[in-house]
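**Student:** Next come the chains, spelled out residue by residue.
Protein chains: 4
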Amino acid sequence: MAEKRVNKVVLAYSGGLDTSIILKWLQTTYGCEVVTFTADLGQGEELEPARKKAELLGIKPENIFIEDLRDEFVRDYVFPMFRANAQYEGLYLLGTSIARPLIAKKQIEIAEKVGADAVAHGATGKGNDQVRFELAYYALKPDVTVIAPWREWDLRSREQLIAFAEQNQIPIAKDKRGEAPFSVDANLLHASSEGKVLEDPSVEVPDYVYSRTDGPESAPDTPTVITITFEKGDPVAIDGKKLGPADLLAKLNELGKVNGIGRLDLVENRFVGMKSRGMYETPGGTILHLAHRGIESITLDRGAAHLKDELMPKYAELIYNGFWFSPEREMLQALIDKSQEFVTGDVTLKLYKGGVHLIGRTSPYSLYDQDLVTFEEGAVAYDHRDAAGFIKLNALRLRTLAQRKKKLGL
Amino acid sequence: MAEKRVNKVVLAYSGGLDTSIILKWLQTTYGCEVVTFTADLGQGEELEPARKKAELLGIKPENIFIEDLRDEFVRDYVFPMFRANAQYEGLYLLGTSIARPLIAKKQIEIAEKVGADAVAHGATGKGNDQVRFELAYYALKPDVTVIAPWREWDLRSREQLIAFAEQNQIPIAKDKRGEAPFSVDANLLHASSEGKVLEDPSVEVPDYVYSRTDGPESAPDTPTVITITFEKGDPVAIDGKKLGPADLLAKLNELGKVNGIGRLDLVENRFVGMKSRGMYETPGGTILHLAHRGIESITLDRGAAHLKDELMPKYAELIYNGFWFSPEREMLQALIDKSQEFVTGDVTLKLYKGGVHLIGRTSPYSLYDQDLVTFEEGAVAYDHRDAAGFIKLNALRLRTLAQRKKKLGL
Amino acid sequence: MAEKRVNKVVLAYSGGLDTSIILKWLQTTYGCEVVTFTADLGQGEELEPARKKAELLGIKPENIFIEDLRDEFVRDYVFPMFRANAQYEGLYLLGTSIARPLIAKKQIEIAEKVGADAVAHGATGKGNDQVRFELAYYALKPDVTVIAPWREWDLRSREQLIAFAEQNQIPIAKDKRGEAPFSVDANLLHASSEGKVLEDPSVEVPDYVYSRTDGPESAPDTPTVITITFEKGDPVAIDGKKLGPADLLAKLNELGKVNGIGRLDLVENRFVGMKSRGMYETPGGTILHLAHRGIESITLDRGAAHLKDELMPKYAELIYNGFWFSPEREMLQALIDKSQEFVTGDVTLKLYKGGVHLIGRTSPYSLYDQDLVTFEEGAVAYDHRDAAGFIKLNALRLRTLAQRKKKLGL
Amino acid sequence: MAEKRVNKVVLAYSGGLDTSIILKWLQTTYGCEVVTFTADLGQGEELEPARKKAELLGIKPENIFIEDLRDEFVRDYVFPMFRANAQYEGLYLLGTSIARPLIAKKQIEIAEKVGADAVAHGATGKGNDQVRFELAYYALKPDVTVIAPWREWDLRSREQLIAFAEQNQIPIAKDKRGEAPFSVDANLLHASSEGKVLEDPSVEVPDYVYSRTDGPESAPDTPTVITITFEKGDPVAIDGKKLGPADLLAKLNELGKVNGIGRLDLVENRFVGMKSRGMYETPGGTILHLAHRGIESITLDRGAAHLKDELMPKYAELIYNGFWFSPEREMLQALIDKSQEFVTGDVTLKLYKGGVHLIGRTSPYSLYDQDLVTFEEGAVAYDHRDAAGFIKLNALRLRTLAQRKKKLGL
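Those sequence lines, one after another, are chains A, B, C and D. Mapping the first sequence onto full-length UniProt numbering, position 394 (from 1) lands on 394, and the numbers just tick up by one. Mapping the second sequence onto full-length UniProt numbering, position 259 (from 1) lands on 259, and the numbers just tick up by one. Mapping the third sequence onto full-length UniProt numbering, position 159 (from 1) lands on 159, and the numbers just tick up by one. Mapping the fourth sequence onto full-length UniProt numbering, position 215 (from 1) lands on 215, and the numbers just tick up by one.
Bound conformation, chain A alone (with noise of 0.2 Å):
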């Protein structure tokens, strides 16, 4: 059944039930040494029970990688992703996107250190994330060899998963042996859910369905109100406080979930051709959004800030479409990267059930600063009879195609 030979194979393993079968499926099917990596990205999971599992099914201690990234994932992907107030499709704060480039450079590091020859994820055949994943690990390990088990296997049915799961004695939870309902993913940034009960993009999400932000309607009747600090376009304090990166988001999280901040349901395009429905949840990302865009407005130049905007969207599509480890993704990186040098100050906010209102912004940076608009001895900038001249010759060629016009008859 397996089309390459492998010897080694670096597998991104979560602990649970089905990246447990693939561990297993690797194991059967290409006869190769399995290596497991569990990371802490903040998806609220503790890590031990996973190397439990792992030597439960026969993984050797010196082959089972556990990591805590949580720090790592916010500096290094998160902030420099919020530094381009990056939104795929208008909405969509990339939260799953983002989490994958990391997790495969794990893996492949992984794998030079071990001398692994493969790499395995459990991403299925119809998302996006086979495509991050092993975008990834190419980019990074170009003669790997990559193994996508869902779309390789036999096992078509969740009957078949259970049935494969008790032939290899994989302990199975009660509650895992239905189908889920939907499927989730979840990280320091946010919660996705898609599937089943959301397939209709017609029905409202159901409640149930929610896990990291309370509802809009049972969030307290008082607005909470905060200061964000930024340095270079990254936030470093809350109210003052300095924190690190993991520690700052997680507060943001808090303080979203609290209020009700940060829902979304979507239907996005998928970089592998289809339309799919999902809902997010990203409270401490979507404040952290407007905050971002808020001490740009005072400390970025007009033309840095429109030449931003218009490169955003093919910033997200890229980070989307899982090409994070790319020369036109770090080309746009290093434009954003330089526009935020000044990008430094205390943005205030208004947090009240489910919305975010920026109500105050300062920076010892501001470009509005009205003594900035005065020059030299009282000598000001702006004399309004230049509006003329400016207006005047802005007009010129719209005058012109007047004219023509009129010459024509039109």
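Hints in this document: simulated from the structure, not taken from any laboratory. Keep in mind the model is a prediction, meaning the values are calculated, not measured. Keep in mind that the hints are not guaranteed to be accurate.
Copies of the same chain look alike in the list, so a pair counts if it works inside one copy or between any two.
[Unchecked claim] Listed next, the in silico EDC-like pairs over lysine to aspartate or glutamate satisfying Cα-Cα at most 16 Å (straight line):
1. Lys8 - Asp117
2. Lys126 - Glu152
3. Lys176 - Asp18
4. Lys406 - Glu109
5. Lys196 - Asp369
Using the hints, position chains B, C and D against chain A.
**Tutor:** Same frame as chain A, now just chains B, C and D:
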């Protein structure tokens, strides 16, 4: 004082104190016949008092033009712009910008009709509106003389303006003697406020500035659920009830107002080169914007949607800067309109305390339709094995890059 | 061997050895009825031999379709593309890319007419053409079965192909027994060559590869001067003589050929992910491209021209990648076509030893026309004092930035 | 007459009649100290006569600044721009535009050094150069006073200028008494000519206008073949001989001149709003442009190359419009420079009678390298079966669209 000789001028006349002063100033400075044009764009003021006022100031009845432009405004300006999902600097729905071209167009039409050689407006010399008015004037009548009193006259303070008014027997309402704490522009799409009390961007907008929206906190505790029906990209009905353009937008405004929707506190970059802080209230527009994105999400192909998203910032900038009547705006409009043929269907939204939440969408032309994914005789269009090839070829160039790096020992 | 069951297949058939082998292979592998389609796109070969060959291989007369598409090709594909000044990767005039959608469209039309359920083409598995053919097939007939023999069969070498031909009584011309030193694609717009002797990008293209152009060095010592007349963006006459689309392009090809014009040695990036080196000869197209830019230079407004320039790379990429029948290409075409209304007039060019030199242009709709710059009664539209204000306001944001730097001591 | 009070002004001084008149006019009008700055940017004139002339006109020796900027010009302005493959309106290599920021920068540096409060230039009020100079001045010294004599003085004709010169004892060369038949700007990158005899865009540029290039027809009958070596996107050697930036460009100019390369007759759109017709001679730049594209073609990844192509028009427009010292140009430069790390290697070109023909390219970092396409143990990276999946998923959305059409009976 008058730089140019003028025979007859068409003034954009609101009937208020400022444009009444301009009216008199035009008469005394240019010694020319003044024609007034007063338009109803849904700003919420009656027009007949403007007629009385103009007559009182000596304007001949045949020189007084009053027109209800609400439907034309919404149908030919607001809706085409919303087809583009236009937002300036990521957030502003362009409520002021979009009204100027229509007023200018009507002034020019009247100028042609009455044989006027000049037009005048009441916009100041520091803002965007002067540009928007004048670019439109020139684009429609290249030989027109433009008079911008605020850039020309010597009236340097509120006191001088009041004195001029008194000298010229212009009635002054009591509350107009002092300087207003902020200035307002309003039409059916929005109200904007700026200046004075709003100038410090670190200070929250005071409650009394809002005129079009209730505060989220005073909105009802129960959400309002509505369904908007679209045809070819434009909204045509609310909760199944067909409405004309102006009535539909008015209805959305009402729904938005009550639910505290559409407030925006923004520092933006003006075309004339400085930053300014404004507060916008766009209750109906805020709902419409999300609804339009929602109906597009199931009816628009990815290629079309992404192209629109990439071009949106440029389109919004053109409107903001006053280039409505420019070839490039018209070219972009042709592109956008081409995409809207099947943007038809229903979007259901929940309005709640300042938030608009999309909860469902359906369309007879949905591209999401499950049946579409299956083609002829049970042959399935999507084979997950195809994904392997798709990824492999997308990865090929990245692998080649990685191979180069490896070869170089990088 | 055949993966899918097929009743009747429409094959893009040139009459040459390779597509004859495909014809037989389809019959033997799929056991299906084969319908041949042979098109004249100006490749410079007669079509009747293809009919004879098809009959010889057992195709029923009613299953042989032969069509002269030259005018349709130039009018509906080449000219629209030239309105956009399209060049892939800055240099390539897309001669091969633009022909594929038309051939595919005709195959699908025939398939609908004869009730075929499949189509087949002779493009290899490593190139762009397979993508272009198949994207067009699917876009026009979503349920069609696509057969790409070069990706499916076991014929792995020239020897095997020849053996297959011999087994199947396919006549083999003497010079076709060995492998060709390079492969050629040709139509009225261009000839392209690639493979074998061209594979090393450091080695100059050998002289014998060129078929459509004389070498610059053997071109006449006296320049040829011609005038091309455009109407709404399309060429309609040469030296005052009206010509239909195909005849006009043929005439330009003749003029270009003699003068050594239109050779391009290029390393390009294929859609399927690798680089390839090709040699293109586009004699008439090279002249036409510069001429079109020339007529646009006096008839197109700056806003329109710059918007076109910014979107051109995307438009060219879409055509190169095979997305002619996509909403985004059609949207861009709507934008482009909107701009061409007044792109009418004459362009004079000097052709000389490989070079095209624009030496003059006139238009009844010229925006350059001196008279246009002067408006009404001697009032000059351009007052150089306006420039001061224009510059001042354009500089305002840069001054503000500089002031910030100064304040910070940077 | 002087609107502003000025103590000391730094004048961009060529030593010619016009800037000598300006020098005197500044002294008499502003009663200020004049500091002259004369730069060698490769315009082909000696600088010492300018010193003599300035002394003659009463400038103190310590107020005379003369500098050879050729290497700085080419290294820090021309080469970075060529990394972008910048062409304004598809054709113009921006030879004049790119020189202005450097001159302005030096004037400001001198102003800071000598404590001057003003700068002056000799550009007219209708052109782009005034904008380029002044935007750079303001961007570097926001409080500077800018004097643009051509916009300010009353000298309305050649006669008045000559009369002013005579009154002020400015020596007048015989051939400068009448009006020149065209005006010229020159530097190491190019010479541009415009005005008078060039104003009618339908009339061919007369032979005597050309100064930097021989005519293609008088070029040698034998081609010249050269090889240019690039390192990180910049040319560093010709035919294996290392050359500094200015020497290298000078050498290319020489090669281009003899072979009739680099003439461009163009109608372009000025930033100030009107069209103008100019003639450009850019012999070395024309060669360099194609050579750079050539080396990029084998060393740059597709994603990087296409992103550069899409952004090029905007980048070129920024330089043309005078925004060299703007955040958006610097951001784009960061993006471009990021891409050039491996743009290293040799390009071979044939120069022949006005044409530049790329005939070969090699690079130690080539992405075309055959070996790269094969990975590990003979496993080929490209499997043509992958193409099927690649096409299928790319087609999926088009098939869905087609299915919708079919369902609707369209």
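**Student:** A separate judgement is required for each hint: does it hold in the structure or not?
**Tutor:** Against the structure, the hints come out as follows:
1. Lys8 - Asp117: within (6 Å within a copy, 45 Å between copies)
2. Lys126 - Glu152: Cα proximity of Lys126 and Glu152: one copy only (13 Å, versus 24 Å across).
3. Lys176 - Asp18: within (9 Å within a copy, 56 Å between copies)
4. Lys406 - Glu109: between (69 Å within a copy, 14 Å between copies)
5. Lys196 - Asp369: Between copies, since 15 Å is at most 16 Å while 53 Å is not.
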